[in-house]
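Participant: Please construct the entire structure, taking both the sequences and the accompanying hints into account.
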Amino acid sequence: MADERPRRSGLVLGLLCLAQFLVVLDTTIVNVALPGIGADLGFTSEAGLQYVISLYALTFGGLMIAAGRAADLLGRRRLLVVGLLVFTLASLTCGAAPNAGVLLTARVVQGVGSALVSSSALALLTSLFAEGTARNRALGAWGAVGGGAGACGLILGGTLTDLLGWPSIFLINVPIGLAAAWVAPRLLPAGDRGNVGLDLPGAVTLTAGLGLLILGLSQGGHAGFGADPVIGVLAGAVALLAAFAVIQRRASHPLVAPRLLRVPGVAAANIAALTLTMIVASSLFFTTLYVQQVLGLTALQTGLAFLPNSVLVVAGSALATRLRHRLGPGVILVAGFAILIVAGLLLSGVSADGTYVTAVLPGFALIGFGQGMAFVAAISGATRSVADSDHGLASGVVNSAQQVGFAVGLAAVISAAVALAGPGARPVVSYATGYLLDSALAAVGLLISLALVRTRRSGKDHAPVSAVQMRAGVRIDRNGRIAFPVTGTHSASGRNENEGDMS
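If you use my numbering, the sequence shown closes out at 494, no skipped numbers anywhere.
Don't read these hints as lab results, they were simulated from the structure.
Glycine included, each C-beta is placed from N, C-alpha and C at the ideal position.
Errors might be hidden in some of the hints.
To be verified - Derived DEER-like restraints, expressed as beta-carbon distance ranges:
#: 1; residue 1: Thr346; residue 2: Val302; range: 16 to 24 Å
#: 2; residue 1: Arg317; residue 2: Asp219; range: 27 to 35 Å
#: 3; residue 1: Leu295; residue 2: Leu336; range: 21 to 29 Å
#: 4; residue 1: Val302; residue 2: Thr96; range: 34 to 42 Å
#: 5; residue 1: Gly415; residue 2: Ala87; range: 39 to 47 Å
#: 6; residue 1: Thr346; residue 2: Leu191; range: 53 to 61 Å
#: 7; residue 1: Gly287; residue 2: Val195; range: 43 to 51 Å
#: 8; residue 1: Ala416; residue 2: Thr346; range: 18 to 26 Å
#: 9; residue 1: Gly415; residue 2: Asp219; range: 23 to 31 Å
#: 10; residue 1: Leu295; residue 2: His244; range: 49 to 57 Å
Facilitator: Written as structure tokens, this is what we have:
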């Protein structure tokens, strides 16, 4: 077999980050296009139109953990390619949708593809890049992409909608998704499949339970949490999640292995990730409404107004990457949530006669910086000490926590803000109240993050050896260089002989 030329680690990281960028982008890119979508496809109410967003988040978050375990069992590269193709086909259908029913169905399928892509990509990243400088840099890039893609969605969505119409926000995914699906098997190692079965009852009950939870919270934001249909949906969610817990205790190969939650810091990092996305989702919603409905900005102007937030997400991620190995994820999470507390307090001063520069820019820019720092630290804390065989599961859990947090933030925080503002209150009062709630949530996140600080100080951290790196004959060292086999053939299990480093 001819010698294989070395491929730079930057290409691997770039591909994985591109895949994540695509699926996170679609959580927000539709926001500014909703009026046009509603007019063209015959949506009869704002509540119905919101399902264009919530159905995607529901499926994305509900399937994340099952997708992560499937990636461990069936092959991470394989699931990444399948997810990209599903996402791309669904995006094409969204762009060509003739009516509301087709669009909503395609958004559900998009969510399925996104769950496969996100879980597989993060599992590949954490298993291929060794603990140390290489993984720090990779997680920094991943954090910048994941944190910035949501804000970039507003900028890109506003621009495309104004210039080319709303179908373009979906059709732009098609060439990029196809290109990524073609490159992936040529760039990434195949790895091994797991040797245990998929916990199907656990997957069904967890996915359905999370789906009903997100649906109930979304409906509660519109119909009220005391409405009988909402109570019924939430009760069903509780019953299914309780059944999932029972199944996990009895299953021979549980979907969420109890050993994962016993890894130091994993539970705290996932709760912090959920809290973080609650803050990000609700603050993004309040800010979008404030600048459009109170300040009178257009869709394109709104996207551009969010540019400082996007830039500082990248800056915060870069800083967290530099400091993570020295300080640990707990300290960085504490700092990130402290910044978010200040940001929420600043934004709570919004008023009917405010301006973008004085009322929005300082606080919303700080949200970007704190978000970037906290995102990198949460991902690191949730995955860094996990055994290689559980990387897909750990990735699915933390991604699911983020998507559930996004849905909870949109539903629960918004509903609470309206209720606390009081009946008949002006919308701007609800926005200000919502920002105060975000600040309170950040304080909760800060307290949770202290558990990660204690974990580091107790010396419980460890960096597992990556079996994927050893079995596939591919290794990314601490300096970010990929080592490939010089000669030899691959067996069915992915093993190879005569390995050599090539940098």
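Participant: State, for the Cβ atoms of Leu295 and Leu336, whether the hinted interval 21 to 29 Å holds or is violated.
Facilitator: holds (25 Å)
Participant: Confirm or reject the claim that Ala416 and Thr346 have a C-beta distance inside 18 to 26 Å.
Facilitator: holds (22 Å)
Participant: Starting from the range 27 to 35 Å, see whether the pair Arg317 and Asp219 falls in it by beta-carbon distance.
Facilitator: violated (54 Å)
Participant: Between Gly415 and Ala87, does the C-beta distance stay in 39 to 47 Å?
Facilitator: holds (43 Å)
Participant: Return holds or violated for the Cβ distance of Thr346 and Leu191 against the range 53 to 61 Å.
Facilitator: holds (55 Å)
Participant: Between Gly415 and Asp219, does the beta-carbon spacing fit 23 to 31 Å?
Facilitator: holds (25 Å)
Participant: Does the beta carbon distance between Thr346 and Val302 stay inside 16 to 24 Å, or does it fall outside?
Facilitator: holds (20 Å)
Participant: The hint says 49 to 57 Å between Leu295 and His244; measuring C-beta to C-beta, is that right?
Facilitator: Holds, at about 50 Å.
Participant: Regarding Val302 and Thr96, is the given constraint of 34 to 42 Å on their beta-carbon distance met?
Facilitator: holds (36 Å)
Participant: Given a hinted range of 43 to 51 Å, is it respected by the beta-carbon distance of Gly287 and Val195?
Facilitator: Hint holds: Cβ distance 48 Å, inside 43 to 51 Å.
Hint 2 from the earlier list is the only one contradicted by this structure; the remaining hints agree with it.
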